[in-house]
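Student: Chains as they are written, first to last, in full-length UniProt numbering: chain A, 1 to 377; chain B, 1 to 377; chain C, 1 to 377; chain D, 1 to 377.
Among the hints, erroneous ones may be present.
Pairs of lysine to aspartate or glutamate, EDC-like flavour, derived with a Cα cap of 16 angstroms [to be verified]:
#, chain 1, residue 1, chain 2, residue 2
1, C, LYS371, D, ASP369
2, D, LYS151, C, GLU222
3, A, LYS151, B, ASP374
Some residues of chain A that are not near chain B, with every Cβ distance over 12 angstroms (derived) [unchecked claim]:
#, residue
4, ALA145
5, SER165
6, GLY230
7, GLY263
Everything labelled a hint here was simulated from the structure, so no lab data went into it.
Where is the CB? At the ideal position from N, CA and C, for every residue including glycine.
Number of protein chains: 4
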Amino acid sequence: MVGGGQGAFIGAVHRIAAQLDNAYELVCGAFSSNPEKSKASGEMLGLSPERVYATYQELYEKEKQLPEDQRVQVISIVTPNHVHFEPAKLALESGFHVILDKPMTYSLEEALELQEVADRTGKLFCLTHTYTGYPMVKEARQVVASGKLGKIRKVYVEYPQGWLSTFEEGGENKQASWRTNPEQSGKAGGMGDIGTHAFNLAEYVTGLEVTQLCADINIVVEGRKLDDDGAAFLRFNNGASGVLMATQIAAGEENNVKIRVYGEKGGLEWQQEIANTLQVKWLDKPTEVYRTGGGYTSSFAQHNTRTPAGHPEGYLEAFANLYRNFALCVTATLAGEAPEPEWQDYPGIKEGVRGMAFIEHVIASGKSDKKWIDFTI
Amino acid sequence: MVGGGQGAFIGAVHRIAAQLDNAYELVCGAFSSNPEKSKASGEMLGLSPERVYATYQELYEKEKQLPEDQRVQVISIVTPNHVHFEPAKLALESGFHVILDKPMTYSLEEALELQEVADRTGKLFCLTHTYTGYPMVKEARQVVASGKLGKIRKVYVEYPQGWLSTFEEGGENKQASWRTNPEQSGKAGGMGDIGTHAFNLAEYVTGLEVTQLCADINIVVEGRKLDDDGAAFLRFNNGASGVLMATQIAAGEENNVKIRVYGEKGGLEWQQEIANTLQVKWLDKPTEVYRTGGGYTSSFAQHNTRTPAGHPEGYLEAFANLYRNFALCVTATLAGEAPEPEWQDYPGIKEGVRGMAFIEHVIASGKSDKKWIDFTI
Amino acid sequence: MVGGGQGAFIGAVHRIAAQLDNAYELVCGAFSSNPEKSKASGEMLGLSPERVYATYQELYEKEKQLPEDQRVQVISIVTPNHVHFEPAKLALESGFHVILDKPMTYSLEEALELQEVADRTGKLFCLTHTYTGYPMVKEARQVVASGKLGKIRKVYVEYPQGWLSTFEEGGENKQASWRTNPEQSGKAGGMGDIGTHAFNLAEYVTGLEVTQLCADINIVVEGRKLDDDGAAFLRFNNGASGVLMATQIAAGEENNVKIRVYGEKGGLEWQQEIANTLQVKWLDKPTEVYRTGGGYTSSFAQHNTRTPAGHPEGYLEAFANLYRNFALCVTATLAGEAPEPEWQDYPGIKEGVRGMAFIEHVIASGKSDKKWIDFTI
Amino acid sequence: MVGGGQGAFIGAVHRIAAQLDNAYELVCGAFSSNPEKSKASGEMLGLSPERVYATYQELYEKEKQLPEDQRVQVISIVTPNHVHFEPAKLALESGFHVILDKPMTYSLEEALELQEVADRTGKLFCLTHTYTGYPMVKEARQVVASGKLGKIRKVYVEYPQGWLSTFEEGGENKQASWRTNPEQSGKAGGMGDIGTHAFNLAEYVTGLEVTQLCADINIVVEGRKLDDDGAAFLRFNNGASGVLMATQIAAGEENNVKIRVYGEKGGLEWQQEIANTLQVKWLDKPTEVYRTGGGYTSSFAQHNTRTPAGHPEGYLEAFANLYRNFALCVTATLAGEAPEPEWQDYPGIKEGVRGMAFIEHVIASGKSDKKWIDFTI
């Protein structure tokens with residue numbers, strides 16, 4: 001693991017996700033840019049001191065030299081955005097598979113270069129767009145793909161949060177500090193942090209690609225340096241239109257990711273607050289309530305479900321699904337076997353590049369007087 | 001009553017709304033442009049045949065000649081949009097108070113002229129933006145007005161419907177026919193029919209005014225002549241921003257009007273499907289669930305509530321609240337008394353003019369390559 | 001109308017319900033045992049002074065003497081329980097049809113006698129068990145009757161309220177006073193007031209009859225004279241079992257009537273707080289959400305629906321459905337025609353007798369050391 | 001681990017729960033009464049073959065002989081009910097701390113003897129009543145304990161499931177087979193499997209103890225040998241009353257555990273399907289919605305929460321909370337330190353004995369003609 005030392009939120013989440021299905025063992029780490037902190041974190045996590053490294057460079061270098069059956073296989077990188085590209089690139093080039101937190105890089109340029117590195121090295125790559133790990137999000141994608149809803153016409157995707165309603169970065173909140181700092185976060189604040197999740201969710205569920213967008217991007221809280229609120233009209237490659245809303249200043253909201261998709265014959269709705277429910281709506285018959293664990297759900301949903309219907313699975317399980325599917329693919333690949341389609345259903349390089357392109361375009365559109373801009377990569 | 005003959009949806013709703021509180025008696029009507037139909041409707045409604053008229057002109061003319069204590073006092077006009085202006089204008093000029101279905105007129109020009117007529121005649125005027133009649137919508141406005149949420153920053157308002165997902169106007173559906181016909185409906189289809197409701201709701205609840213907008217307007221169903229889908233970014237006169245979504249092609253949705261408003265300290269959420277609930281959210285304490293009939297609700301909510309908490313009031317009661325408040329104001333005015341603030345809280349000429357301006361601007365923006373257009377009247 | 005003078009809750013509800021569909025006109029009344037109050041109420045309601053009577057006896061006597069086309073046809077009785085039997089009996093014997101508030105009488109003996117009078121006079125009779133007027137409750141009954149759920153096995157019905165959590169009857173609350181007073185209310189407090197609603201709902205939806213019960217009846221608030229809380233195990237005539245819960249001391253609850261019914265193949269759930277939704281659950285497929293106004297609903301639901309799907313109908317509309325169906329039956333009967341099955345679907349004498357028997361048995365069981373008592377009439 | 005070999009549901013859940021917080025390492029096991037199966041399970045789980053044992057007796061014997069720093073510390077027992085007592089007793093007597101699945105034993109006698117053993121050996125003991133591990137259930141207990149609701153008066157607790165609606169035990173379903181088999185399950189079927197959860201939840205949240213009960217116990221599905229449906233009236237030691245409902249034949253229900261508690265001033269409601277929400281209701285102010293992760297929640301809730309508000313935590317996290325708290329207490333004890341009150345808040349021997357007493361009494365009451373029976377141990 002690179003990053004994720006004491007006090008980091010997402011590092012702990014990654015560790016739980018990795019452990020949950022017993023598919024990974026944490027064997028080494030470079031947990032902080034501060035070697036003392038890295039050491040302390042490694043100790044806390046029960047690692048052998050000799051496998052807690054001062055830098056990721058040292059980690060890769062030393063681990064490469066270990067015998068194959070002892071060496072780390074997958075590098076999980078959970079640093080702030082500006083420290084994504086270099087460690088990920090070097091990890092791939094050092095022969096490791098990589099799991100990387102989103103957004104993929106600091107800039108689209110880096111993303112495109114990382115894509116090239118991944119293609120060249122042939123190493124596997126997973127980007128942790130958590131929401132696509134929920135069984136009912138997977139089901140949503142399958143419902144759309146089945147054609148039951150007819151041609152998709154409209155997409156509403158939203159991600160309202162309230163935690164940046166005040167000038168959090170003025171205080172001790174480390175999360176708030178780096179996420180609102182252009183030097184660490186990149187061109188976008190909220191649009192990078194949560195807008196990319198919404199964008200990814202829309203493309204994942206519909207199987208469509210955005211081709212044009214028009215954005216309204218705002219900095220609401222005084223003194224903030226990056227966007228904390230925004231919305232975008234979307235146009236998709238099949239002619240459908242959409243609205244994306246992402247805000248961090250919706251005071252009183254937690255993390256209420258939601259997507260609605262409408263086709264010619266019906267629609268669907270999924271919301272993280274009731275994550276185990278997928279509503280499938282019809283023009284002329286009652287709404288159907290699909291539930292995690294339902295015997296009628298697709299193989300994609302069932303493969304990502306651990307407990308019988310009625311035992312709520314949550315955010316950590318969704319996260320763990322990414323890790324587990326990635327592990328299944330890594331293991332299959334090592335064994336020279338073809339992974340199942342259900343295993344391969346995790347976000348990767350392509351999703352990362354599109355996410356970075358979303359950031360570039362949505363921020364550019366926010367500054368433009370022109371209504372529509374083309375979404376090109 | 002003008003319009004609302006047999007088979008008309010909204011005419012029947014108006015009659016129930018008028019009757020519900022026993023504040024009105026239906027005494028005369030010109031129910032259809034077809035005199036036979038008008039007569040038949042009048043008979044069905046139990047009116048004296050001599051007070052069922054062939055035209056609204058005849059109605060006004062004859063009623064004016066009746067003794068004051070027999071003559072109709074309030075004219076309710078429930079015709080399609082292109083037959084709003086003339087009958088409303090003539091009614092006001094004939095000395096009657098007027099209740100008119102929304103959108104106010106066929107064009108903004110007509111609206112401005114009607115405003116002038118209303119000002120000149122001094123007659124009272126009510127426009128039936130139903131959603132502002134719900135007790136919990138009134139409560140929402142009071143919560144914002146109280147300042148508890150702090151300065152308002154963000155507004156999301158949406159009105160997804162699915163009933164025009166197919167080419168309904170190709171068949172017998174009279175509702176679908178006129179609402180999608182530019183000659184009867186005006187410049188806008190869905191934006192006029194339901195977009196204006198969403199717009200009115202946003203301005204009503206926040207007490208703010210839109211100053212700029214940027215719209216994406218679509219005709220989704222092949223063969224349709226007017227918009228059936230759209231969205232707009234909004235900017236308000238206090239600096240807040242918003243997103244408005246209104247669509248008639250969200251297959252599987254009924255009539256799911258919803259508004260969310262966020263200020264510096266908290267937010268609120270109301271949705272017609274759970275109309276008797278208002279969620280008030282806070283940055284640092286539990287969400288509060290306000291309920292119709294709650295002893296803690298404002299005088300505005302309580303005045304518009306008929307039953308104790310726990311007895312759901314619905315759409316017809318919300319509609320009836322407009323009628324009832326208008327009756328209270330008419331009666332007070334006739335008696336030379338000042339109406340209470342709670343009674344005056346119904347939509348009128350100003351809301352009608354702004355609604356027509358919304359239609360003009362949102363359609364113009366939909367056709368423009370420029371991002372923002374100023375909302376001016 | 002008998003009873004329902006100024007300040008009475010349920011009298012006003014009855015009047016709105018009667019008016020809502022324009023099927024009744026209020027023509028006369030004896031609104032209070034106090035002639036002055038009766039007069040004042042009649043005036044407020046806009047009645048001719050000569051048709052506001054000092055007593056119900058006078059009302060019946062005088063109205064009988066009016067020409068048939070002027071005379072009142074239906075008597076609505078909305079007095080406290082101890083003044084149900086005499087006015088209802090005399091009304092029937094005077095040749096009027098009767099609408100009576102529940103529970104039907106003060107005692108089971110009275111109920112049985114009233115049944116005999118109704119049978120003898122042939123006059124129509126409606127008991128206002130409001131909850132059976134909701135379209136989705138009617139749909140629930142039809143779903144069970146269709147056999148789709150298989151044989152019914154389990155019924156949960158509940159009616160939690162909180163308004164009697166404190167010693168309300170110690171103050172000015174007139175509602176609380178008579179409802180907790182054995183001389184006015186009868187043998188039961190909460191079990192009569194709301195327990196009978198729950199009981200009626202269970203028998204109505206399932207089409208079954210209770211044959212045995214075992215009750216736990218409590219007086220929770222100190223000083224109260226009648227039960228304010230209770231529960232009963234039920235056994236039905238097809239072998240199904242059930243649990244009924246009704247309480248008035250569930251602090252913080254409004255009027256949260258709910259019923260769940262389970263058969264061999266599926267179940268259903270309806271709750272007044274989301275009155276326009278009926279959940280139909282299945283062993284092996286997604287839950288279906290039936291909605292008021294849905295094109296797929298039964299003729300019984302559709303007949304009792306006024307507005308398109310998505311326009312919430314509430315308590316007053318449910319109440320009005322009882323009045324409207326009764327009016328349709330009265331009118332058909334007067335015209336010598338057979339009423340439609342959908343019109344006849346309102347609670348009547350039989351339901352009233354069973355409700356009074358429920359009160360007798362549930363109170364008796366509450367006092368008994370024996371577990372089960374037979375429910376016999 | 002004792003039991004929980006391939007194909008067992010709850011064994012896998014225990015393993016995830018143990019791993020999730022990295023507080024346990026699975027080091028040895030006797031996974032099945034069939035040594036081959038045990039071996040295969042151990043292999044699958046990546047254990048050293050020499051620490052996969054044929055029997056639990058062998059496991060304890062061999063592990064005791066290992067050096068203290070290698071030896072297993074906590075035994076987790078996840079066998080069917082009839083194989084709880086012996087392995088648990090022997091584990092305690094062999095010097096191990098024990099985690100045991102519920103219900104604690106096959107009979108109350110065994111439970112009382114196990115209590116005696118635990119007292120005597122001083123070893124720690126945890127019984128996995130999962131629902132008490134949810135942060136919002138812990139919050140519920142704290143809300144009651146704070147006295148804010150006033151004296152508790154009424155408790156409704158329910159656990160409707162549908163999975164035994166058909167004669168599942170007639171087929172291959174191993175879960176169904178042992179849970180409906182008196183020789184493996186004990187005196188009760190559903191009352192033991194899920195009724196004990198409901199009972200424990202009621203006592204845990206209220207802090208009260210049941211002193212009397214009256215039950216209606218049924219076998220609904222033909223051919224079944226143990227109860228699959230039941231309900232009980234409860235009386236608590238402070239005078240409050242309650243209703244407990246547990247059924248396995250509510251076709252279409254998943255695992256919908258729910259509790260409602262009402263005091264003099266307010267009430268609360270928690271339901272597993274929306275596990276991260278606790279509704280706190282008040283007589284005279286809006287309902288408050290407490291949420292997992294809310295800054296206003298108690299130290300007990302926060303200690304059991306891993307992610308910020310808005311990231312749903314589910315069943316596995318609730319289960320993991322039991323394991324984690326037990327680990328914290330074991331570690332503290334080993335270190336000679338006093339565990340924090342938050343850590344000690346897991347179900348133990350006392351809860352196990354009361355659960356077994358519940359089974360005895362509820363089944364006895366189900367067979368009795370007498371209404372109330374005393375709940376004594």
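Student: Taking each numbered hint in turn, which are not upheld by the structure, reported in ascending numerical order?
Tutor: 3, 5, 6 and 7
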